[in-house]
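Full structure from sequences and hints, please.
In this text, residue positions in the sequence shown follow the numbering used here: the first is 2, and each later residue adds one.
In case anyone wonders, no lab produced these hints; they're calculated from the structure.
Note that beta-carbon positions come from the ideal geometry of N, C-alpha and C, so glycine has one too.
Take these hints with a grain of salt, some might be off.
Said to hold, decoys possible - 30 Å max Cα-Cα, derived DSBU-like pairs, lysine-lysine:
no. : residue 1 : residue 2
1   : Lys162    : Lys185
2   : Lys136    : Lys217
3   : Lys92     : Lys147
4   : Lys64     : Lys92
What the hints assert, rightly or not - What follows is a list of derived Cβ distance ranges for each label pair:
no. : residue 1 : residue 2 : range
5   : Asp21     : Ser187    : 21 to 27 Å
6   : Glu122    : Val91     : 29 to 35 Å
7   : Gly134    : Asp111    : 37 to 43 Å
8   : Asn74     : Asn48     : 25 to 31 Å
9   : Tyr173    : Asn74     : 32 to 38 Å
10  : Glu82     : Lys185    : 17 to 23 Å
11  : Met89     : Val179    : 28 to 34 Å
12  : Val218    : Asp21     : 23 to 29 Å
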Amino acid sequence: MWFFDPELFLKMLSDGVRLDYESYAAVIAHRSSDPFKLLIMTILSQNTNDRNAIKAYNNLSSKFNVDAKTLSNIPIETLSELIKPAGMNVKRATKIIELSRIICERYDGDLNNILNLPCDEARRTLMLLPGVGAKTADVILLFTGKCPTFPVDTHITRVSKRIGIVSANADYEEIRGVWMKMYKASDYLRLHLLLIALGRQFCTARNPRHDACPVKVMCGFWKSIKS
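Next comes the structure, spelled out in structure tokens:
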């Protein structure tokens with residue numbers, strides 16, 4: 002019979018998954034304590050791996066200050082060339098310049114003027130910026146510590162559905178809500194990083210390492226293929 006114990010699951014994750022903080026784009030960007038830098042890194046990481054996002058960000062930061070005023074005035078050709086490692090560089094560059102201009106014009110160039118709003122309002126306002134969807138907004142809010150929320154990426158989506166805590170057709174908000182209900186806010190960041198690591202190391206999209214998975218006893222999919 003399949004069961005899921007949130008407390009035991011988190012312990013098994015912590016014991017069985019390796020956390021390499023240098024492989025997380027958001028962790029690296031957050032070290033600057035500048036939410037705008039974190040926002041740019043998170044946009045660069047959309048639909049690509051963190052390795053490519055980090056390379057693109059490093060290219061950019063080696064040539065320009067990563068702040069709203071600077072990026073709002075950078076030529077799109079220059080920006081798109083610098084962030085090419087992340088892919089879709091022209092589209093990304095366009096969004097980055099647009100959102101930088103909006104932050105300068107409406108929020109005095111300071112993303113904290115959004116982040117200091119009440120949580121729900123801050124999330125909605127972030128999602129009005131070009132290139133910022135629910136996951137990007139949640140990453141900014143979680144990593145800055147402004148609001149207790151839970152970002153869901155492709156790894157977390159895959160893990161959630163395979164384990165069986167959500168249905169196969171569950172959307173972003175449903176998956177986010179399930180994890181938030183099961184854990185206290187102080188666990189969100191660690192759980193987020195651990196679930197991504199689980200998806201990278203064991204619960205991969207192709208050829209998942211079922212037998213080596215540290216949480217297989219709580220995985221509905223593993224139970225189904227072994228029954």
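Comparing the hints with the structure gives:
At most 30 Å may separate the alpha-carbon atoms for a hinted pair to count; Lys162 and Lys185 meet this at roughly 21 Å. Under the criterion of a C-alpha separation no larger than 30 Å, the hint pairing Lys136 with Lys217 is consistent with the structure, at around 27 Å. A threshold of 30 Å between alpha carbons decides the hint, and for Lys92 with Lys147 the separation of about 29 Å falls inside it, so the pair holds. As the CA atoms of Lys64 and Lys92 are separated by approximately 20 Å, the hinted pair is consistent with the 30 Å bound.
A C-beta distance of roughly 22 Å is found between Asp21 and Ser187, which places it inside the suggested range of 21 to 27 Å. Checked against the hint of 29 to 35 Å, the pair Glu122 and Val91 passes, with Cβ atoms roughly 32 Å apart. Range check, Gly134 to Asp111: about 22 Å between beta-carbon atoms, so the 37 to 43 Å window is missed. Asn74 and Asn48 have their C-beta atoms about 26 Å apart, which keeps the hinted 25 to 31 Å range intact.
A C-beta distance of roughly 34 Å is found between Tyr173 and Asn74, which places it inside the suggested range of 32 to 38 Å. Between Glu82 and Lys185 the C-beta distance comes to about 44 Å, which lies outside the given range of 17 to 23 Å. At roughly 30 Å, the beta carbons of Met89 and Val179 sit within the given window of 28 to 34 Å. Between Val218 and Asp21 the Cβ separation comes to about 25 Å, which falls inside the hinted range of 23 to 29 Å.
When each numbered hint is compared with the structure, violations occur for hints 7, 10.
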